[in-house]
Amino acid sequence: MQKYKNVAIIIPALNEVLTVAKIVKEARSYGCDVYVVDDNSEDETADEARSAGAEVLILPFRSGAWNAAQAGMLYAIKKGRYDFFITMDADGQHEPDHIPLLMDSCSSSNANVVIGSCVQRGSIARRITWSAFFFLTRLNIHDMTSGFKLYDKKAVEILLSKEAAMFDYQDLGPLLLLRRKRIKCIEVPISMCSRENGCSRIFNSWISVSIYLIKTCVWVFADWISKSGYSSGKWTDYDSI
Amino acid sequence: MTLFDLTAPAISFFSVLMILLLVRRQRLGIFHTVWWLFAVFSMLSIGFFPSLVDWIGQLLGIHYPPVLPIILALCFLFIKVLTMDIERTQQEIKIRILAQKMAAYEAELHKLKTESSTEQ
Numbered sequence: 001m002q003k004y005k006n007v008a009i010i011i012p013a014l015n016e017v018l019t020v021a022k023i024v025k026e027a028r029s030y031g032c033d034v035y036v037v038d039d040n041s042e043d044e045t046a047d048e049a050r051s052a053g054a055e056v057l058i059l060p061f062r063s064g065a066w067n068a069a070q071a072g073m074l075y076a077i078k079k080g081r082y083d084f085f086i087t088m089d090a091d092g093q094h095e096p097d098h099i100p101l102l103m104d105s106c107s108s109s110n111a112n113v114v115i116g117s118c119v120q121r122g123s124i125a126r127r128i129t130w131s132a133f134f135f136l137t138r139l140n141i142h143d144m145t146s147g148f149k150l151y152d153k154k155a156v157e158i159l160l161s162k163e164a165a166m167f168d169y170q171d172l173g174p175l176l177l178l179r180r181k182r183i184k185c186i187e188v189p190i191s192m193c194s195r196e197n198g199c200s201r202i203f204n205s206w207i208s209v210s211i212y213l214i215k216t217c218v219w220v221f222a223d224w225i226s227k228s229g230y231s232s233g234k235w236t237d238y239d240s241i
Numbered sequence: 001m002t003l004f005d006l007t008a009p010a011i012s013f014f015s016v017l018m019i020l021l022l023v024r025r026q027r028l029g030i031f032h033t034v035w036w037l038f039a040v041f042s043m044l045s046i047g048f049f050p051s052l053v054d055w056i057g058q059l060l061g062i063h064y065p066p067v068l069p070i071i072l073a074l075c076f077l078f079i080k081v082l083t084m085d086i087e088r089t090q091q092e093i094k095i096r097i098l099a100q101k102m103a104a105y106e107a108e109l110h111k112l113k114t115e116s117s118t119e120q
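Protein chains in written order, with the numbering used here: chain R, 1 to 241; chain D, 1 to 120.
Keep in mind that the hints were calculated from the coordinates and are not lab data. Errors might be hidden in some of the hints.
[Unchecked claim] Straight-line C-alpha distance at most 30 Å; calculated DSS-like pairs for lysine-lysine:
| hint | chain 1 | residue 1 | chain 2 | residue 2 |
| --- | --- | --- | --- | --- |
| 1 | D | Lys113 | R | Lys3 |
| 2 | R | Lys79 | D | Lys111 |
| 3 | R | Lys5 | D | Lys113 |
| 4 | R | Lys154 | D | Lys101 |
| 5 | R | Lys3 | D | Lys111 |
| 6 | D | Lys80 | R | Lys215 |
| 7 | R | Lys181 | D | Lys101 |
| 8 | R | Lys215 | D | Lys101 |
| 9 | R | Lys25 | D | Lys101 |
| 10 | D | Lys111 | R | Lys154 |
| 11 | D | Lys113 | R | Lys25 |
| 12 | R | Lys22 | D | Lys101 |
| 13 | D | Lys80 | R | Lys162 |
| 14 | R | Lys162 | D | Lys111 |
| 15 | R | Lys5 | D | Lys111 |
| 16 | R | Lys22 | D | Lys80 |
| 17 | R | Lys79 | D | Lys94 |
| 18 | R | Lys181 | D | Lys94 |
| 19 | R | Lys153 | D | Lys111 |
| 20 | R | Lys162 | D | Lys94 |
| 21 | D | Lys94 | R | Lys154 |
| 22 | R | Lys25 | D | Lys111 |
| 23 | D | Lys94 | R | Lys227 |
| 24 | R | Lys78 | D | Lys94 |
| 25 | R | Lys22 | D | Lys111 |
| 26 | D | Lys101 | R | Lys227 |
| 27 | R | Lys79 | D | Lys101 |
| 28 | R | Lys162 | D | Lys101 |
| 29 | D | Lys111 | R | Lys234 |
| 30 | D | Lys94 | R | Lys153 |
| 31 | D | Lys94 | R | Lys184 |
| 32 | D | Lys101 | R | Lys5 |
| 33 | R | Lys78 | R | Lys181 |
| 34 | R | Lys184 | D | Lys113 |
| 35 | R | Lys234 | D | Lys101 |
| 36 | R | Lys153 | D | Lys101 |
| 37 | R | Lys79 | D | Lys113 |
| 38 | R | Lys184 | R | Lys227 |
| 39 | D | Lys94 | R | Lys215 |
A quick note: this is a predicted structure, and the numbers were derived from the prediction, not measured.
Looking at chain R on its own, in the form it has when it is part of the complex:
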């Protein structure tokens, strides 16, 4: 099995005590360092992850998967020893066995971001939403809500900017920002398991779906009129708050 010493795995987790340890152990078997960012869980997620060998960051208040992912990226990039950063969900949907596939696709395509996508997992409503956003954004990505992504250092430096700090979800907002900054994103089809416990944080009720849709539409509109450019400042500026 190939070992990836220069890869940091970032796992945002909220009340995922049942699955987090297994994912951490599997990811660590690839030689990667694993950072679990506990989004202020009410259960023992942090302890479980720690005992499985992950370094755990606990957010002082619940602030969403994207904020947790950013916290992990900031912590990992400060270590200075990683070239690649992979985000994964802690609910068991993403299999660490796909890490080599993401790495190989990244090196063979020279892309800055590789998205592990599984279009088949969506319900009809979700697919209609994806198609609508696909039409509105013209982003050449079919599974926009996948949390299984590989970023290189350049992409992470862009995602650690004040522009990105206001996103609430880790899907469309960051992808649009990356496109504005001329970052190359590609998609790799993978298989995803269904959730082993609980339900999606975004798609758990009509109210949260509506909030998600409204916020995403606003980001799409903001992207239309946003200034694009190559430079977003350095992550050290972000860290100097």
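Fit chain D to the given chain R structure using the hints.
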């Protein structure tokens, strides 16, 4: 002079008193103080000298001068709310980044503590 003529000066007078009290108790930041002092002194001048509005209105060619203070007040309130929202967004960004940094420092502390306890 009727009772109604005293309404506007009375309202403006009490507004001035309230703002000065808040400034005296240091409840407002320096730029907020400047903004509110300007607002209340404008209210005070219009409250005590309503003819000022007619004079400025005629000067600007406004057909119905009493509408001028209302339009100006709305404009100032619009600017105020907009700047408040911008400020709030900046503060929220800072709070989010601070939360991320705090989580990182706690993780670092935890690591140091475990390392020192295993060394002992």
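Right, here's what the structure says about each hint:
Between Lys113 (chain D) and Lys3 (chain R) the CA atoms are separated by roughly 29 Å; this keeps the pair inside 30 Å, and the hint holds. Using a Cα cut-off of 30 Å, the hinted pair Lys79 (chain R) and Lys111 (chain D) holds, with the two alpha carbons roughly 14 Å apart. A hinted pair counts as satisfied when its Cα atoms are at most 30 Å apart, and Lys5 (chain R) with Lys113 (chain D) qualifies at roughly 25 Å. With a CA separation close to 21 Å, the supplied pair Lys154 (chain R) and Lys101 (chain D) stays within the 30 Å bound.
For the hint linking Lys3 (chain R) to Lys111 (chain D), the alpha-carbon distance of about 24 Å falls within 30 Å, and the restraint holds. A hinted pair counts as satisfied when its Cα atoms are at most 30 Å apart, and Lys80 (chain D) with Lys215 (chain R) qualifies at roughly 25 Å. With a C-alpha separation of about 25 Å, the suggested pairing of Lys181 (chain R) with Lys101 (chain D) holds against the 30 Å cut-off. With a C-alpha separation of about 26 Å, the suggested pair Lys215 (chain R) and Lys101 (chain D) falls inside the 30 Å cut-off, and the hint holds.
The suggested pairing of Lys25 (chain R) with Lys101 (chain D) holds, with an alpha-carbon distance near 26 Å, which does not exceed 30 Å. Under the criterion of a C-alpha separation no larger than 30 Å, the hint pairing Lys111 (chain D) with Lys154 (chain R) is consistent with the structure, at around 28 Å. Taken as a hint, the Lys113 (chain D) and Lys25 (chain R) pair is honoured in the structure, with Cα atoms around 23 Å apart against an allowance of 30 Å. Using a Cα cut-off of 30 Å, the hinted pair Lys22 (chain R) and Lys101 (chain D) holds, with the two alpha carbons roughly 27 Å apart.
Note on Lys80 (chain D) and Lys162 (chain R): the hinted pairing holds, with a Cα-Cα distance of about 23 Å set against a maximum of 30 Å. Taking the CA atoms of Lys162 (chain R) and Lys111 (chain D), the gap is near 28 Å; set against the 30 Å cutoff, the hint holds. Between Lys5 (chain R) and Lys111 (chain D) the alpha-carbon distance is near 20 Å, which keeps this suggested pair within the 30 Å criterion. Annotation: proposed proximity of Lys22 (chain R) to Lys80 (chain D) is violated, straight-line Cα distance about 52 Å (limit 30 Å).
Taking the CA atoms of Lys79 (chain R) and Lys94 (chain D), the gap is about 22 Å. The hint holds against a cut of 30 Å. For the hint pairing Lys181 (chain R) with Lys94 (chain D), the CA-to-CA distance comes to about 23 Å; that is within 30 Å, so the pair holds. In summary, the hint linking Lys153 (chain R) to Lys111 (chain D) is supported, as the alpha carbons are separated by about 25 Å, within the 30 Å threshold. Restraint check for Lys162 (chain R) and Lys94 (chain D): the C-alpha separation of about 9 Å stays at or below 30 Å, so the hint holds.
Under the criterion of a C-alpha separation no larger than 30 Å, the hint pairing Lys94 (chain D) with Lys154 (chain R) is consistent with the structure, at around 23 Å. Between the alpha carbons of Lys25 (chain R) and Lys111 (chain D) the distance comes to roughly 19 Å, so the proposed pair stays at or under 30 Å and holds. Proposed proximity of Lys94 (chain D) and Lys227 (chain R) is supported: the alpha carbons are some 22 Å apart, at most 30 Å. Only pairs whose Cα atoms come within 30 Å are accepted, and Lys78 (chain R) paired with Lys94 (chain D) is accepted, the gap being roughly 19 Å.
The hinted pair formed by Lys22 (chain R) and Lys111 (chain D) meets the criterion: a straight-line CA distance of about 22 Å does not exceed 30 Å. For the proposed pair Lys101 (chain D) and Lys227 (chain R), the alpha carbon gap of about 28 Å is at most 30 Å, so the pair holds. Distance restraint check for Lys79 (chain R) and Lys101 (chain D): the Cα-Cα separation of roughly 14 Å lies within the 30 Å cut-off, and the hinted pair is therefore satisfied. About 14 Å separates the Cα atoms of Lys162 (chain R) and Lys101 (chain D), which keeps this hinted pair within 30 Å; it holds.
Between the alpha carbons of Lys111 (chain D) and Lys234 (chain R) the distance comes to roughly 27 Å, so the proposed pair stays at or under 30 Å and holds. At most 30 Å may separate the alpha-carbon atoms for a hinted pair to count; Lys94 (chain D) and Lys153 (chain R) meet this at roughly 23 Å. Proximity of Lys94 (chain D) to Lys184 (chain R) is assessed by CA-CA distance (about 29 Å); at most 30 Å being required, the pair is judged to hold. For the proposed pair Lys101 (chain D) and Lys5 (chain R), the alpha carbon gap of about 24 Å is at most 30 Å, so the pair holds.
A threshold of 30 Å between alpha carbons decides the hint, and for Lys78 (chain R) with Lys181 (chain R) the separation of about 22 Å falls inside it, so the pair holds. Restraint check for Lys184 (chain R) and Lys113 (chain D): the C-alpha separation of about 41 Å exceeds 30 Å, so the hint is violated. Between Lys234 (chain R) and Lys101 (chain D), the direct Cα distance comes to roughly 16 Å. Compliance with the 30 Å bound is thereby established for this hinted pair. Between Lys153 (chain R) and Lys101 (chain D) the alpha-carbon distance is near 19 Å, which keeps this suggested pair within the 30 Å criterion.
Restraint check: the Cα-Cα separation between Lys79 (chain R) and Lys113 (chain D) comes to about 18 Å, which is no more than 30 Å; the hinted pair holds. Between Lys184 (chain R) and Lys227 (chain R), the direct Cα distance comes to roughly 18 Å. Compliance with the 30 Å bound is thereby established for this hinted pair. Of the pairs offered as hints, the one joining Lys94 (chain D) and Lys215 (chain R) holds, with about 20 Å between alpha carbons and a cut-off of 30 Å not exceeded.
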